[in-house]
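> Okay, here's what each chain looks like letter by letter:
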Amino acid sequence: DGGITQSPKYLFRKEGQNVTLSCEQNLNHDAMYWYRQDPGQGLRLIYYSQIVNDFQKGDIAEGYSVSREKKESFPLTVTSAQKNPTAFYLCASSPWTGTDTQYFGPGTRLTVL
Amino acid sequence: AQSVTQLGSHVSVSEGALVLLRCNYSSSVPPYLFWYVQYPNQGLQLLLKYTTGATLVKGINGFEAEFKKSETSFHLTKPSAHMSDAAEYFCAVTPREGGAQKLVFGQGTRLTINP
Numbered sequence: 052d053g054g055i056t057q058s059p060k061y062l063f064r065k066e067g068q069n070v071t072l073s074c075e076q077n078l079n080h081d082a083m084y085w086y087r088q089d090p091g092q093g094l095r096l097i098y099y100s101q102i103v104n105d106f107q108k109g110d111i112a113e114g115y116s117v118s119r120e121k122k123e124s125f126p127l128t129v130t131s132a133q134k135n136p137t138a139f140y141l142c143a144s145s146p147w148t149g150t151d152t153q154y155f156g157p158g159t160r161l162t163v164l
Numbered sequence: 242a243q244s245v246t247q248l249g250s251h252v253s254v255s256e257g258a259l260v261l262l263r264c265n266y267s268s269s270v271p272p273y274l275f276w277y278v279q280y281p282n283q284g285l286q287l288l289l290k291y292t293t294g295a296t297l298v299k300g301i302n303g304f305e306a307e308f309k310k311s312e313t314s315f316h317l318t319k320p321s322a323h324m325s326d327a328a329e330y331f332c333a334v335t336p337r338e339g340g341a342q343k344l345v346f347g348q349g350t351r352l353t354i355n356p
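As you go down the protein sequences, you meet chains A and B in turn. Heads up: take any position in the first sequence, counting from 1, add 51, and you land on our numbering. Heads up: take any position in the second sequence, counting from 1, add 241, and you land on our numbering.
Read the hints as simulated data drawn from the structure, not as lab findings. Predicted model only: the values in this text are computed from it and were never measured. One should not assume that every hint holds.
If you anchor each label on the Cβ, the simulated ranges turn out as follows [stated by the list, open to error]: (1) B:Ser311 - A:Gln68: 49 to 59 Å; (2) B:Ile301 - A:Pro146: 28 to 38 Å; (3) A:Thr152 - B:Pro320: 21 to 31 Å; (4) B:Pro320 - A:Pro146: 30 to 40 Å; (5) A:Gly114 - B:Glu256: 23 to 33 Å; (6) B:Ala242 - A:Leu62: 29 to 39 Å; (7) A:Leu62 - B:Glu338: 18 to 28 Å; (8) A:Ile111 - B:Leu287: 22 to 32 Å; (9) A:Glu120 - B:Glu256: 28 to 38 Å; (10) B:Ile301 - A:Lys60: 22 to 32 Å; (11) B:Thr313 - A:Ser131: 14 to 24 Å; (12) A:Asp110 - B:Ser250: 19 to 29 Å; (13) A:Leu164 - B:Pro320: 26 to 36 Å.
Below, computed lysine-lysine pairings styled on DSSO-like, alpha-carbon distance capped at 30 Å [stated by the list, open to error]: (14) B:Lys343 - A:Lys121; (15) B:Lys343 - A:Lys60; (16) A:Lys122 - B:Lys290; (17) A:Lys108 - B:Lys343.
Beta carbons: idealized from backbone N, C-alpha and C, even for Gly.
With the sequences and hints as input, model every part of the structure.
Structure, rendered in structure tokens:
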């Protein structure tokens, strides 16, 4: 089945540690996205990538980093510089950024203790 | 800049009753419009979208939405609620010329179904 996978589903880390969230897609989509979801705030764009080896900051990129070495993979690193990292993180993809619909993965819930 | 307003962070209806979730957008040019559903601790699933053509759009699970340009609205409805409809619903817009990276979400409406 084609789709987007995110791992792990739940992640616990101590304050001050960097952590990397995985996102993989086998839809052959060019564009991939990372969102952060907090209660009552909808989804906010962290980073997006239109092609391999290229990515752009979204609305809340501070304290996060990404890489796009392969078309199917777009990992997100939450660094110790992110002041409030506890949240639900969603990865999405679309055929290319000129199209209208994004498809979402199941999400990773990160809790920083 | 575009924005999306969902009226009511929580909506509660009885099983079998009409579901109405409201969404208004602010944009000088009508955007593409979407409704997504999110079940607890899961990702978002596309319910329906409006890009062009007929303004009444039918989606999955018996939902539909009507684009009304004069009211800048894209309200989501379902004639008869089912217990399985309990979830959070997000309205989203993206400009016609800008591409998917400019998808803007509303704050979400949590739908509760009473037996």
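> Now tell me if each hint is right for this structure.
Each hint tested on the structure:
About 52 Å separates the C-beta atoms of Ser311 of chain B and Gln68 of chain A, a value consistent with the hinted range of 49 to 59 Å. The hinted range of 28 to 38 Å is not satisfied by Ile301 of chain B and Pro146 of chain A, whose Cβ atoms lie roughly 20 Å apart. Taking the beta carbon of each, Thr152 of chain A and Pro320 of chain B are about 25 Å apart, inside 21 to 31 Å as hinted. Between Pro320 of chain B and Pro146 of chain A the Cβ separation comes to about 33 Å, which falls inside the hinted range of 30 to 40 Å.
Checked against the hint of 23 to 33 Å, the pair Gly114 of chain A and Glu256 of chain B fails, with Cβ atoms roughly 44 Å apart. Separation of Ala242 of chain B from Leu62 of chain A is about 32 Å and conforms to the stated range, judged on CB atoms against 29 to 39 Å. The hinted range of 18 to 28 Å is not satisfied by Leu62 of chain A and Glu338 of chain B, whose Cβ atoms lie roughly 37 Å apart. Checked against the hint of 22 to 32 Å, the pair Ile111 of chain A and Leu287 of chain B passes, with Cβ atoms roughly 23 Å apart.
Judged by the Cβ atoms, the range 28 to 38 Å given for Glu120 of chain A and Glu256 of chain B is violated: they are separated by roughly 49 Å. Against the hinted window of 22 to 32 Å, the Cβ-Cβ separation of Ile301 of chain B and Lys60 of chain A comes to about 24 Å, which satisfies the hint. For Thr313 of chain B paired with Ser131 of chain A, a C-beta distance near 42 Å fails the hint of 14 to 24 Å. One distance hint, 19 to 29 Å for the beta-carbon pair Asp110 of chain A and Ser250 of chain B, holds here, with the actual separation near 21 Å.
The hinted range of 26 to 36 Å is not satisfied by Leu164 of chain A and Pro320 of chain B, whose Cβ atoms lie roughly 46 Å apart. The hinted pair formed by Lys343 of chain B and Lys121 of chain A meets the criterion: a straight-line CA distance of about 23 Å does not exceed 30 Å. For the hint linking Lys343 of chain B to Lys60 of chain A, the alpha-carbon distance of about 26 Å falls within 30 Å, and the restraint holds. With a CA separation close to 26 Å, the supplied pair Lys122 of chain A and Lys290 of chain B stays within the 30 Å bound.
Straight-line distance between C-alpha atoms of Lys108 of chain A and Lys343 of chain B comes to about 12 Å, which keeps the hinted pair within the 30 Å bound.
Violation of the numbered hints given earlier is confined to hints 2, 5, 7, 9, 11 and 13; the remaining hints are satisfied by the structure.
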